[in-house]
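> Each chain, letter by letter, is given below.
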Amino acid sequence: KAGVTQTPRYLIKTRGQQVTLSCSPISGHRSVSWYQQTPGQGLQFLFEYFSETQRNKGNFPGRFSGRQFSNSRSEMNVSTLELGDSALYLCASSLADTSTDTQYFGPGTRLTVL
Amino acid sequence: AQKVTQAQTEISVVEKEDVTLDCVYETRDTTYYLFWYKQPPSGELVFLIRRNSFDEQNEISGRYSWNFQKSTSSFNFTITASQVVDSAVYFCALSEGNFNKFYFGSGTKLNVKP
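Note that the protein sequences, when read in sequence, are chains A and B. Under our numbering, the first residue of the first sequence carries the number 3, and numbering increases by one thereafter. Under our numbering, the first residue of the second sequence carries the number -10, and numbering increases by one thereafter.
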């Protein structure tokens, strides 16, 4: 079974731009979560989508948004990029039909904001 | 307050030594889940183990073992006879109740030297 895939793997943007990251979950998984990893803040939860609905949300500003499509693929968007948005963005998928479940992570997208 | 604390920032051992990675968690929920993940230099988080709050049985998987103690809110991870390939950052994570949202510790970087 193929794992979680994320595209692109690397991105370089400048301040003020916006960016869209993509995540394809493991086949059959309907939950997709996004995390931001930085040296200073560590791994922080952004949001989780399940059946095209945002089910859980972390403490990030509204510049961070996401969506999920009917095939469970998910996209994350960051608008008006700031230098502090430079990070590794990890996507994870799980079955999680009714409660918490093991999350399987993709390789991440490394975003650099100049 | 941190929900998951990994006090050891970095540990260095020589190959074949045993090493224990500490994890202390904090939650008021009676139902929760604990996880360990490994992050090699490639960046992808690799799932190692999941435990729910009602299962305090310790587990051994090859060279890996986990000690879950609710009385001390700890979920420690031991690698026996460490190998160079064990070098990575190890994360402990907590998920509470029915929320598929992980709180990660800050990670412990393990260096295994030949």
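It is possible that some hints are incorrect.
Stated by the list, open to error - Ranges between beta-carbon positions, derived for each pair: (1) Arg69/A to Val2/B: 27 to 37 Å; (2) Gly51/B to Gly18/A: 27 to 37 Å; (3) Gly18/A to Asn47/B: 47 to 57 Å; (4) Asp44/B to Arg32/A: 17 to 27 Å; (5) Glu84/A to Ala(-4)/B: 27 to 37 Å; (6) Ser31/B to Arg17/A: 38 to 48 Å; (7) Ile49/B to Thr82/A: 19 to 29 Å; (8) Arg112/A to Leu37/B: 39 to 49 Å; (9) Lys98/B to Leu13/A: 38 to 48 Å; (10) Lys5/B to Arg65/A: 31 to 41 Å; (11) Pro30/B to Pro10/A: 32 to 42 Å; (12) Arg17/A to Ile49/B: 46 to 56 Å.
Note that these hints are calculated values from the structure, not bench results. Note that the Cβ used here is the ideal one computed from N, Cα and C, for glycine as well.
> Each of the hints needs a verdict: does it hold here or not?
Comparing the hints with the structure gives:
1. Arg69/A to Val2/B: 27 to 37 Å: 45 Å, violated
2. Gly51/B to Gly18/A: 27 to 37 Å: 50 Å, violated
3. Gly18/A to Asn47/B: 47 to 57 Å: For asparagine 47/B against glycine 18/A, whose Cβ atoms are near 52 Å apart, the range 47 to 57 Å holds.
4. Asp44/B to Arg32/A: 17 to 27 Å: Because 25 Å falls inside the window, the suggested range holds.
5. Glu84/A to Ala(-4)/B: 27 to 37 Å: 31 Å, holds
6. Ser31/B to Arg17/A: 38 to 48 Å: Because 28 Å falls outside the window, the suggested range is violated.
7. Ile49/B to Thr82/A: 19 to 29 Å: 50 Å, violated
8. Arg112/A to Leu37/B: 39 to 49 Å: About 23 Å separates the Cβ atoms of arginine 112/A and leucine 37/B, which means 39 to 49 Å is violated.
9. Lys98/B to Leu13/A: 38 to 48 Å: 26 Å, violated
10. Lys5/B to Arg65/A: 31 to 41 Å: 49 Å Cβ-Cβ, so the 31 to 41 Å window is violated.
11. Pro30/B to Pro10/A: 32 to 42 Å: 19 Å, violated
12. Arg17/A to Ile49/B: 46 to 56 Å: 50 Å, holds
Hints 1, 2, 6, 7, 8, 9, 10, 11 from the list above are not met by this structure, while the remaining hints are.
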